[in-house]
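Novice: Protein sequences, first through last, are from chains V and H.
First residue of the first sequence: 1, per full-length UniProt numbering; consecutive thereafter.
First residue of the second sequence: 1, per full-length UniProt numbering; consecutive thereafter.
Calculated from the structure, these hints are not laboratory results.
Treat the hints with care, since some could be wrong.
Using C-beta positions, here's what the derived DEER-type ranges look like [said to hold, decoys possible]:
| # | chain 1 | residue 1 | chain 2 | residue 2 | range |
| --- | --- | --- | --- | --- | --- |
| 1 | V | P114 | H | T315 | 48 to 54 Å |
| 2 | H | S217 | V | N209 | 24 to 30 Å |
| 3 | H | F323 | V | Q335 | 51 to 57 Å |
| 4 | V | Q335 | H | I146 | 44 to 50 Å |
| 5 | V | Y54 | H | S325 | 45 to 51 Å |
| 6 | V | Y54 | H | F308 | 53 to 59 Å |
| 7 | H | K36 | V | D119 | 46 to 52 Å |
| 8 | H | K245 | V | Q9 | 50 to 56 Å |
| 9 | V | Q9 | H | R218 | 40 to 46 Å |
Every residue gets a Cβ at the ideal spot worked out from N, C-alpha and C, and that includes glycine.
What follows is the residue order along each chain.
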Amino acid sequence: MYHKEKSIQIKNSASALYNNLGVLRIAPRSLTYFTVVHANVVNMVSASWDGLNYSHRQLQSKEPNVATSTSLIMQAAFCALPSRDLLVVTSQKGIQMYESDGSTMVYWHALDTPDTPTDQAVFARGISAVGKSYICVGDSSGSILVFDVPSKGSNITLSDVLKGHKKSITDIASECSGSQDCIADLISADDGGNLCVWKSGEEFQRFNNIPGFDISCTSVKLWKGTAVAGYGTGQIRLYEAVTGILHAEVNAHARWIYSLDIAPFSGLLLSAAEDSLVRVWHLSIKPESLSVEVAHLHNECVTDTQICGAKFCDGDGHAFAVTGYDLSEIIRYTQS
Amino acid sequence: MSSRTLPLLFINLGGEMLYILDQRLRAQNIPADKAKKVMNDIISTMFNKKFLDELFKPQELYSKKALRTVFDRLAHASIMRLNQASMDKLYDLMTMAFKYQVLLCPRPKDILLVSFNHMDAIKEFVKDIPCILTQVDETYQQLIQIYTNLSSGEFQLIRQTLLIFFQDMHIRVSIFLKDKVQNSNGRFVLPTSGPVPYGTQVPGLIRMFNCTGKEVSRLQFSNGGNYNAAIREGSFEIFGDRVTKLGTNMYSVSRPVETLMSGTSTNSAQHAKVNMAPNPLAKEELNLLARLMGGLEVQKPGNADNGFRVNLFATDEEEEEAFISRPDELSYGVIKIQATQDQQASAELAKIMGEFSESGDQSPIVSSKGDDLLAMMDGL
Numbered sequence: 001m002y003h004k005e006k007s008i009q010i011k012n013s014a015s016a017l018y019n020n021l022g023v024l025r026i027a028p029r030s031l032t033y034f035t036v037v038h039a040n041v042v043n044m045v046s047a048s049w050d051g052l053n054y055s056h057r058q059l060q061s062k063e064p065n066v067a068t069s070t071s072l073i074m075q076a077a078f079c080a081l082p083s084r085d086l087l088v089v090t091s092q093k094g095i096q097m098y099e100s101d102g103s104t105m106v107y108w109h110a111l112d113t114p115d116t117p118t119d120q121a122v123f124a125r126g127i128s129a130v131g132k133s134y135i136c137v138g139d140s141s142g143s144i145l146v147f148d149v150p151s152k153g154s155n156i157t158l159s160d161v162l163k164g165h166k167k168s169i170t171d172i173a174s175e176c177s178g179s180q181d182c183i184a185d186l187i188s189a190d191d192g193g194n195l196c197v198w199k200s201g202e203e204f205q206r207f208n209n210i211p212g213f214d215i216s217c218t219s220v221k222l223w224k225g226t227a228v229a230g231y232g233t234g235q236i237r238l239y240e241a242v243t244g245i246l247h248a249e250v251n252a253h254a255r256w257i258y259s260l261d262i263a264p265f266s267g268l269l270l271s272a273a274e275d276s277l278v279r280v281w282h283l284s285i286k287p288e289s290l291s292v293e294v295a296h297l298h299n300e301c302v303t304d305t306q307i308c309g310a311k312f313c314d315g316d317g318h319a320f321a322v323t324g325y326d327l328s329e330i331i332r333y334t335q336s
Numbered sequence: 001m002s003s004r005t006l007p008l009l010f011i012n013l014g015g016e017m018l019y020i021l022d023q024r025l026r027a028q029n030i031p032a033d034k035a036k037k038v039m040n041d042i043i044s045t046m047f048n049k050k051f052l053d054e055l056f057k058p059q060e061l062y063s064k065k066a067l068r069t070v071f072d073r074l075a076h077a078s079i080m081r082l083n084q085a086s087m088d089k090l091y092d093l094m095t096m097a098f099k100y101q102v103l104l105c106p107r108p109k110d111i112l113l114v115s116f117n118h119m120d121a122i123k124e125f126v127k128d129i130p131c132i133l134t135q136v137d138e139t140y141q142q143l144i145q146i147y148t149n150l151s152s153g154e155f156q157l158i159r160q161t162l163l164i165f166f167q168d169m170h171i172r173v174s175i176f177l178k179d180k181v182q183n184s185n186g187r188f189v190l191p192t193s194g195p196v197p198y199g200t201q202v203p204g205l206i207r208m209f210n211c212t213g214k215e216v217s218r219l220q221f222s223n224g225g226n227y228n229a230a231i232r233e234g235s236f237e238i239f240g241d242r243v244t245k246l247g248t249n250m251y252s253v254s255r256p257v258e259t260l261m262s263g264t265s266t267n268s269a270q271h272a273k274v275n276m277a278p279n280p281l282a283k284e285e286l287n288l289l290a291r292l293m294g295g296l297e298v299q300k301p302g303n304a305d306n307g308f309r310v311n312l313f314a315t316d317e318e319e320e321e322a323f324i325s326r327p328d329e330l331s332y333g334v335i336k337i338q339a340t341q342d343q344q345a346s347a348e349l350a351k352i353m354g355e356f357s358e359s360g361d362q363s364p365i366v367s368s369k370g371d372d373l374l375a376m377m378d379g380l
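Just chain V, with the same shape it has in the complex (with noise of 0.2 Å):
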């Protein structure tokens, strides 16, 4: 069903991270974007859509002005709102956003950290677009940042600040098939594998939680109303966000699920493991039942390697791309 493509080399490599790859496609210049994150830098390749032309740029992740100011990146993440596209990269000091060709950093949120560590570490974790002009960023004490953002310039604000959960936020991620009639539009995932499914406007309504099982809800994906979460145990769930049913349960993977991925066209799901293996399959939704199928379509092994980040390159699904811990190139696989 795919075959594996030639490979894209970055300078670093990947770190072992939850949903640490990010894809952003630029039709109108037939190029696309890749982030992958390793320890303190964000390797950027852009790569054209011919295969001829690769032009790499490392962010380090620092507080503006201050020379020796350095701390781990937990995730880099493209945001694709309606009227721009930024990157947003969360480290353990704070959350810096770059228009997204990684040439200039528009905005700089740094966390409470505290003069002398405690046992709770402090980091963002989670990203997500969502809505007209929102970014939502997680945080490891469970609140939810949301910022607004202007069309053009740098004046992004903190508009408001989410409580729902308790545990160290994962993964966020908005409602991605472009419906408008969606009842909720963003959903948040964290360590304890409770979600919470939210509204956004311009106060954000929570709608419902789905509570988790004491294992790390890894990855969070929403889609025509259905919540697509993986897990520590390796199992990927779907519910229906609003009501908390589980449509299906899913024995996926035989180790942590590191990163999901929707192919909002098509139905495809992506899902990738500290197992080695990514496996592709297929979502329908019945109208009449209100369920939700699940198919197991494709599985691709990337021998002796913990992938730790898959994304399909499109929004068929006809292409996807995988990074695993220590592997210093981009692998990817294209439909037959």
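Given chain V, put chain H in place with the hints provided.
Specialist: Relative to chain V, chain H alone:
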């Protein structure tokens, strides 16, 4: 990232160090009483209360340089001496062994079981010496108290922090190559077969439910591997069957300790870049290191007859050759510390500070921090 990583890193690396030294002491036919003294001195130093109190404080992981310095000191806590080449090799083996264990742990929480395996073996080494045994038991208690109630997510954060520490290390270890757990490119074999971790189901089943929660269909899929059900969980108590073999002693007299200095599988420029990345936390780290080192009470070597040198290589010539030919990108850039006399110690410390200060403005650092460090070293 996780502020709870350092104790686990230290105990596991220390455990591996003891396995290797134990094997070398036997292979070199060091007299039993001397060998025992070395093991006891090192273990006693490792579990020194002041030292461990400092270690167990919530803090970020040290840099590779700093940690290597601590282990240099630890290895020289007794009458045994190691040349630079042997110390380098010892450290390579320790780190690759623990990297292997961390990667292969089925669940992040199993890192604690690996730590207990090391602790169990250490306890066995000193079972006849009540005062050291007490120190070890107290450490068990501390480990249990701090780690057994951490969530799976917090353990995974510890694991991720360790994996960043071990990033890009691909030194080939001949015992791993022989056992086919490491490939010739230095990467570890991750099998897609065997028992799944405790708490995980064998992949292959899709269950679908209707709105009332009733299962309406089941589908099987091919999981691309050869898995079987999880085995029982290991014990997290002071005594118990840990179940996992990770962290147990893989060396014996018949399975000698060797590495192959093949360099890295990635290009040297990339590796060198990673090693040379400036550590902006150098000043802070230096203070921590000083406090830690202050707690490491080094035994003053008695008469010269007692001391001896251990070689991690088969012959002295091999050791010399290894020292000359070690690739630059694999050098740990560490200063040897022989705290034999105060004068020598302070000179060495001044050198440490010079080494750690990457920013180049050395004088301010020397004057302000130097006094603190010297004062602490005086306590030795």
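Novice: Compare the structure with each hint and give your call.
Specialist: Cross-check of the supplied hints:
At roughly 53 Å, the beta carbons of V:P114 and H:T315 sit within the given window of 48 to 54 Å. For the pair H:S217 and V:N209, the supplied restraint of 24 to 30 Å holds, since their beta-carbon distance comes to about 28 Å. For H:F323 and V:Q335, the hinted distance range of 51 to 57 Å is satisfied, since their beta carbons lie about 54 Å from each other. For V:Q335 paired with H:I146, a C-beta distance near 49 Å keeps the hint of 44 to 50 Å intact.
Our hint of 45 to 51 Å for V:Y54 and H:S325 is violated, since their Cβ atoms are close to 35 Å apart. A hinted range of 53 to 59 Å holds for the C-beta pair V:Y54 and H:F308, which are about 56 Å apart. A hinted range of 46 to 52 Å is violated for the C-beta pair H:K36 and V:D119, which are about 38 Å apart. With their beta carbons about 36 Å apart, H:K245 and V:Q9 fall outside the hinted range of 50 to 56 Å.
Distance hint for V:Q9 and H:R218: a CB-CB separation of about 43 Å, consistent with the stated range 40 to 46 Å.
In the structure shown, a violation is registered for the earlier hints numbered 5, 7 and 8, in ascending order.
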